[in-house]
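> Chain by chain, the residues run as shown.
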Amino acid sequence: MGLLRLFPVQASTFAPDVDHLLYFLLAVAVFFSLAIFCSIFYFAIRYRRRSENELPRAIHGGMALEILWSVIPFGLTMVMFTWGASIYFNESRPPDNALDVYVVGKQWMWKLEHLGGQREINELHIPVGRAVRLTMTSEDAIHSFFVPAFRTKQDAVPGRYTTTWFKPTKAGKYHLFCAEYCGTNHSRMGGWVYVMAPRDYEAWLSGGASGGSLAENGQKLFDELACGNCHKPDGSGRCPSLSGLFGKTVQLAGGATVKADEGYIRESILQPQAKIVAGYGPIMPTFQGLVTEEGVMQLIEYIKSLGPPPGAPAGGIAAR
Amino acid sequence: MITAAVPEREDYLNVSHGLKSWLLTKDHKRIGLLYLATITLFFFLGGVFATVIRIELLTPGGGLVSSETYNKLFTMHGVTMIFFFLLPSIPAVFGNFFLPMMIGARDLAFPRINLLSWYLLVVGGLFALFAMLAGGVDTGWTFYTPYSTTYSNTWVIATALGIFVAGFSSILTGLNFIVTIHRMRAPGMTWFRMPLFVWAHYATALIQVLGTPVLAVTIVLVFCERVFHIGIFDPALGGDPVLFQHLFWFYSHPAVYIMILPAMGVVSELVSTFSRKAIFGYRIVAFSSVAIAVLGFLVWGHHMFVSGQSLFAGMAFSFLSYFVAIPSAIKVFNWTATLYKGSISYATPMLYAFGFIGLFTMGGLTGLFVAALGIDVHVTDTYFVVAHFHYIMVGGAIMGYMGGLHYWWPKMTGRMYPEGWAKLSALVIFLGFNLTFFPQFILGYLGMPRRYHTYPAEFQILHVLSTAGASVLAVGYAIPMIYFAWSLRYGKVAGANPWGATGLEWKTASPPPLHNFDKIPVVTHDAYDYSTVVGEAVEVG
Numbered sequence: 000m001g002l003l004r005l006f007p008v009q010a011s012t013f014a015p016d017v018d019h020l021l022y023f024l025l026a027v028a029v030f031f032s033l034a035i036f037c038s039i040f041y042f043a044i045r046y047r048r049r050s051e052n053e054l055p056r057a058i059h060g061g062m063a064l065e066i067l068w069s070v071i072p073f074g075l076t077m078v079m080f081t082w083g084a085s086i087y088f089n090e091s092r093p094p095d096n097a098l099d100v101y102v103v104g105k106q107w108m109w110k111l112e113h114l115g116g117q118r119e120i121n122e123l124h125i126p127v128g129r130a131v132r133l134t135m136t137s138e139d140a141i142h143s144f145f146v147p148a149f150r151t152k153q154d155a156v157p158g159r160y161t162t163t164w165f166k167p168t169k170a171g172k173y174h175l176f177c178a179e180y181c182g183t184n185h186s187r188m189g190g191w192v193y194v195m196a197p198r199d200y201e202a203w204l205s206g207g208a209s210g211g212s213l214a215e216n217g218q219k220l221f222d223e224l225a226c227g228n229c230h231k232p233d234g235s236g237r238c239p240s241l242s243g244l245f246g247k248t249v250q251l252a253g254g255a256t257v258k259a260d261e262g263y264i265r266e267s268i269l270q271p272q273a274k275i276v277a278g279y280g281p282i283m284p285t286f287q288g289l290v291t292e293e294g295v296m297q298l299i300e301y302i303k304s305l306g307p308p309p310g311a312p313a314g315g316i317a318a319r
Numbered sequence: 000m001i002t003a004a005v006p007e008r009e010d011y012l013n014v015s016h017g018l019k020s021w022l023l024t025k026d027h028k029r030i031g032l033l034y035l036a037t038i039t040l041f042f043f044l045g046g047v048f049a050t051v052i053r054i055e056l057l058t059p060g061g062g063l064v065s066s067e068t069y070n071k072l073f074t075m076h077g078v079t080m081i082f083f084f085l086l087p088s089i090p091a092v093f094g095n096f097f098l099p100m101m102i103g104a105r106d107l108a109f110p111r112i113n114l115l116s117w118y119l120l121v122v123g124g125l126f127a128l129f130a131m132l133a134g135g136v137d138t139g140w141t142f143y144t145p146y147s148t149t150y151s152n153t154w155v156i157a158t159a160l161g162i163f164v165a166g167f168s169s170i171l172t173g174l175n176f177i178v179t180i181h182r183m184r185a186p187g188m189t190w191f192r193m194p195l196f197v198w199a200h201y202a203t204a205l206i207q208v209l210g211t212p213v214l215a216v217t218i219v220l221v222f223c224e225r226v227f228h229i230g231i232f233d234p235a236l237g238g239d240p241v242l243f244q245h246l247f248w249f250y251s252h253p254a255v256y257i258m259i260l261p262a263m264g265v266v267s268e269l270v271s272t273f274s275r276k277a278i279f280g281y282r283i284v285a286f287s288s289v290a291i292a293v294l295g296f297l298v299w300g301h302h303m304f305v306s307g308q309s310l311f312a313g314m315a316f317s318f319l320s321y322f323v324a325i326p327s328a329i330k331v332f333n334w335t336a337t338l339y340k341g342s343i344s345y346a347t348p349m350l351y352a353f354g355f356i357g358l359f360t361m362g363g364l365t366g367l368f369v370a371a372l373g374i375d376v377h378v379t380d381t382y383f384v385v386a387h388f389h390y391i392m393v394g395g396a397i398m399g400y401m402g403g404l405h406y407w408w409p410k411m412t413g414r415m416y417p418e419g420w421a422k423l424s425a426l427v428i429f430l431g432f433n434l435t436f437f438p439q440f441i442l443g444y445l446g447m448p449r450r451y452h453t454y455p456a457e458f459q460i461l462h463v464l465s466t467a468g469a470s471v472l473a474v475g476y477a478i479p480m481i482y483f484a485w486s487l488r489y490g491k492v493a494g495a496n497p498w499g500a501t502g503l504e505w506k507t508a509s510p511p512p513l514h515n516f517d518k519i520p521v522v523t524h525d526a527y528d529y530s531t532v533v534g535e536a537v538e539v540g
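Those sequence lines, one after another, are chains H and F. Just so we're aligned, residue 0 is where the first sequence starts under numbering that gives the first Met the number 0, counting upward by one. Just so we're aligned, residue 0 is where the second sequence starts under numbering that gives the first Met the number 0, counting upward by one.
Hint data in this document are derived by calculation from the structure and do not stem from the laboratory. One should not assume that every hint holds.
Not everything, but these chain F residues come out facing chain H in the computed CB check (under 10 Å) [unchecked claim]:
#1 Glu7
#2 Glu9
#3 Ser20
#4 His76
#5 Ile329
If you want the ones that stay clear, here's a sample from chain H, every Cβ over 12 Å from chain F, calculated [stated by the list, open to error]:
#6 Glu223
#7 Leu224
#8 Glu293
Beta carbons are placed, not taken as given, at the ideal position from N, Cα and C, and that holds for glycine.
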């Protein structure tokens with residue numbers, strides 16, 4: 000379009016929230032700028048030097064004014080803090096029914112994989128009106144997943160998972176950028192997010208069908224790597240059972256506990272010595288270098304899909 | 000060469016001659032001029048990098064240079080401007096030259112260490128220059144890991160060593176200032192009679208001494224990982240990449256205050272001198288400098304809101320960041336109030352002070368935007384942040400530096416600059432600056448990421464505006480370089496106190512004698528008592 004835009008399109012539930020806070024900040028900024036600029040202009044003209052020998056009467060200050068112009072701005076900044084923090088809080092709390100998409104950043108492309116096994120590069124297809132949760136990591140430098148129309152951005156950091164989420168509100172095609180400098184082709188590491196009507200999305204999903212879902216591929220990998228030799232479903236193996244593990248609180252050797260989320264499972268595969276489950280020995284070898292970041296994500300989905308073993312007491316219920 | 004105004008009289012410039020008398024000088028004034036020459040070269044170099052960047056961004060698809068080269072250009076622009084121009088600028092030039100004079104001392108406490116500081120900056124600068132000539136470095140001035148330690152194939156170590164060495168220059172300068180302010184004040188120069196420039200430099204020196212070692216440690220760790228593959232930051236070696244960001248910003252956020260606090264000190268002097276009024280709320284302005292220095296150490300995490308640090312950390316750092324806004328706002332309000340019922344002169348240094356207040360206000364207010372978590376998630380790593388920090392560093396620090404340069408030029412050289420040209424260039428700089436950087440706020444909110452060699456075509460109009468502004472800005476900076484050089488020979492001879500200012504530096508000849516004062520002054524008045532300098536005063540207000 001030839002017109003000069005001043006504000007980006009709003010295409011997620013966060014976009015209007017962020018923009019409203021921006022309007023408030025703009026109002027405050029314009030008010031204080033004008034107050035300062037007008038005072039300076041007025042004083043500079045009204046009290047301009049008329050003769051070289053002028054000696055103005057010294058005014059050393061006024062505590063009432065100092066307090067006034069400290070307290071009022073402080074109050075305003077606390078509004079900004081609270082407002083901004085509440086948006087940030089929401090951005091860190093994806094709803095339970097969010098659609099999961101896994102993201103791997105590498106120099107210089109985004110690799111995305113849906114639960115059904117559909118893979119994309121530098122493109123993300125998602126339905127309108129449905130919350131989407133991204134779980135991401137990087138294979139090399141730090142990258143950052145940035146969709147301006149959604150007002151969301153999250154670094155993809157090697158060696159760990161970070162997450163973000165958004166709920167698109169408007170069908171369309173939106174820029175996807177890498178926002179964290181990552182080397183030569185940083186400015187070309189991007190593509191498009193396609194927000195589709197639900198029916199189009201279903202059509203796209205079936206059109207992009209591949210060799211099995213994430214969990215199915217995870218199961219194949221689980222067998223290939225012979226994980227089940229030690230992680231037996233009934234807990235009789237040398238390593239803890241993985242049935243119903245996901246989402247549970249795990250008791251660690253040494254007394255600490257940890258929630259079995261994606262990050263914990265990833266770490267346990269790649270750095271098994273980092274956290275040892277209470278009652279088990281530190282005998283698991285690392286799978287660093289034997290399994291790719293995508294492979295780890297498939298294994299996680301497979302472990303998520305494992306229900307509690309038959310006859311297990313309530314409480315060991317898997318998250319899905 | 001600089002010629003003295005009155006050839007018969009002996010001053011610090013004509014007391015000795017020859018290259019050796021400069022390279023081995025222990026006079027804080029000559030060392031100040033050595034710094035001035037050095038950082039002017041680096042400013043020019045950083046400006047050349049910026050020029051190529053802005054020309055390249057005229058078109059969305061690149062084409063003038065390759066992406067590798069573009070990435071090196073913005074990295075070297077940042078490294079040069081921050082580490083070899085802005086950080087030394089006001090403290091090393093005007094702090095060196097005027098801090099001892101303002102408190103009535105004959106020199107800094109450690110003149111030899113002072114000379115060593117300059118050599119360290121030069122050696123560090125040579126390392127960095129070597130890296131640039133050998134092929135450049137492409138990590139961004141932020142050197143984020145693991146890119147800088149594992150993936151970049153450029154001259155990371157040489158550049159980082161240059162910064163490491165230059166850091167010690169900064170530490171030693173800060174140390175020298177602290178000791179000088181504590182130990183070398185003239186009789187009667189109590190803490191609350193010190194000019195606010197001195198207070199600002201005291202606060203700055205605290206950051207230099209306490210913050211810079213952390214940068215040095217960080218560089219050593221980067222060195223260990225890059226050269227010896229000791230896993231510290233790269234997860235492939237068992238390290239933590241975000242740890243680097245904590246260490247880096249623990250220094251580099253306070254470093255912003257190393258750049259802006261001295262400029263605030265300059266502006267306090269200018270606003271007072273050219274309105275002939277004591278600074279409104281002197282003590283509050285003095286303490287606000289110290290408050291900024293202390294609070295500045297508690298906000299580093301606001302650079303990392305999308306780095307994956309915890310929700311709680313994000314909230315804590317946002318909360319603390321707003322605290323540092325208050326002392327900055329207080330300064331602006333007090334400068335404005337100082338003008339009330341003053342006797343306001345529009346001399347060039349005052350135009351720069353007005354420019355500083357206006358642009359720093361906009362830089363500070365947009366700081367409230369990026370401290371707000373919800374907004375920062377959207378604008379961090381975009382041109383919004385680029386615009387914000389250029390309003391602080393160029394609109395603030397460099398306006399303050401230019402104001403100080405015009406204000407003290409007559410004292411340093413004994414000659415006046417041409418007022419008409421100076422006013423014109425101040426106006427050109429102000430307009431060019433705004434045209435360059437204001438469009439970048441809009442670009443950033445629209446989603447244009449920073450450090451992009453190529454960009455979507457829809458952003459082109461704003462980039463063209465920005466480049467147009469940069470051309471105007473370049474002209475604005477070129478004019479003073481010419482007339483300052485011209486004034487050394489042809490400028491009007493300046494008297495001891497051409498502005499009717501109160502500081503002790505104006506109570507001695509221009510240029511000053513080798514030991515600053517013929518007799519150590521005894522201070523009997525507050526810093527900004529104009530009844531002592533205006534003869535046959537006409538009372539107004």
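> Run every hint past the structure and note whether it holds.
A quick look at each hint next to the structure:
no. : hint   : verdict
1   : Glu7   : violated, 29 Å
2   : Glu9   : violated, 31 Å
3   : Ser20  : violated, 39 Å
4   : His76  : violated, 14 Å
5   : Ile329 : holds, 6 Å
6   : Glu223 : holds, 23 Å
7   : Leu224 : holds, 20 Å
8   : Glu293 : holds, 17 Å
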